[in-house]
Amino acid sequence: ETGVTQSPTHLIKTRGQQVTLRCSSQSGHNTVSWYQQALGQGPQFIFQYYREEENGRGNFPPRFSGLQFPNYSSELNVNALELDDSALYLCASSPRTGMNTEAFFGQGTRLTVV
Amino acid sequence: KQEVTQIPAALSVPEGENLVLNCSFTDSAIYNLQWFRQDPGKGLTSLLLIQSSQREQTSGRLNASLDKSSGRSTLYIAASQPGDSATYLCAVNFGNEKLTFGTGTRLTIIP
Numbered sequence: 001e002t003g004v005t006q007s008p009t010h011l012i013k014t015r016g017q018q019v020t021l022r023c024s025s026q027s028g029h030n031t032v033s034w035y036q037q038a039l040g041q042g043p044q045f046i047f048q049y050y051r052e053e054e055n056g057r058g059n060f061p062p063r064f065s066g067l068q069f070p071n072y073s074s075e076l077n078v079n080a081l082e083l084d085d086s087a088l089y090l091c092a093s094s095p096r097t098g099m100n101t102e103a104f105f106g107q108g109t110r111l112t113v114v
Numbered sequence: 115k116q117e118v119t120q121i122p123a124a125l126s127v128p129e130g131e132n133l134v135l136n137c138s139f140t141d142s143a144i145y146n147l148q149w150f151r152q153d154p155g156k157g158l159t160s161l162l163l164i165q166s167s168q169r170e171q172t173s174g175r176l177n178a179s180l181d182k183s184s185g186r187s188t189l190y191i192a193a194s195q196p197g198d199s200a201t202y203l204c205a206v207n208f209g210n211e212k213l214t215f216g217t218g219t220r221l222t223i224i225p
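Protein sequences appear in the order of chains H and R. Reading the first sequence from the start, the letters are residues 1 to 114 in our numbering. Reading the second sequence from the start, the letters are residues 115 to 225 in our numbering.
These are computed hints drawn from the structure, not numbers from a lab. Small disclaimer: the values here were computed from a predicted structure and weren't measured. Hints are supplied without guarantee of correctness; some may be wrong.
[As the list claims (entries may be wrong)] For lysine to aspartate or glutamate, the following DMTMM-like pairs were computed, each having C-alpha atoms within a straight-line distance of at most 20 Å: (1) R:Lys182 / H:Glu102; (2) R:Lys156 / H:Asp85; (3) R:Lys182 / R:Asp198.
Could you build all of it, start to finish, from the sequences and the hints given here?
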């Protein structure tokens, strides 16, 4: 059984560009959540996808968007990158949505915007 | 506002000692609480999950407790080792499809 995998591990982009981050959920998991972690802070919830539909969103602007595919893998897209978007982006998968499930995280993608 | 707080932000302890990390939260109506470990620049490793109906969970040298009425959880680490050095994050599921995290406690075990 493979865990949550994210790609790429590191990325450098220029302000104004667009970026796509990818996440493969753990086998058997149909729920994927994305988090942004700035340096020295706790992760902040961006949004969650359940069975290919957005199922909750945090306080992030619309230029943060996502997709979930039939195999439950997911993408996070960020348009018009800003310097403050520099952070570690974490993907978490769960066996189902709902209140009592455990979240399993990937190793993250380190995004640097210059 | 639902918030999670972890104090202290950093802690140094000699190897072999037992230690307790603290987590407090503002809303007692939680669904579960999860403790994570994070090594520098890495992702999160789940350590323990406590459901709202439970008082504690144990895994090896780790024991996590939950007191909803006081809005507190503790992570107890027995016989600390240098390999335990990491940042420990507490995350609460308040029932709105997301985890709310504290800012973590950076633990250093001194050999």
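Each hint, compared with the structure:
1. R:Lys182 / H:Glu102: Roughly 18 Å between the alpha carbons, so the hint for Lys182 (chain R) and Glu102 (chain H) holds.
2. R:Lys156 / H:Asp85: holds, 18 Å
3. R:Lys182 / R:Asp198: violated, 27 Å
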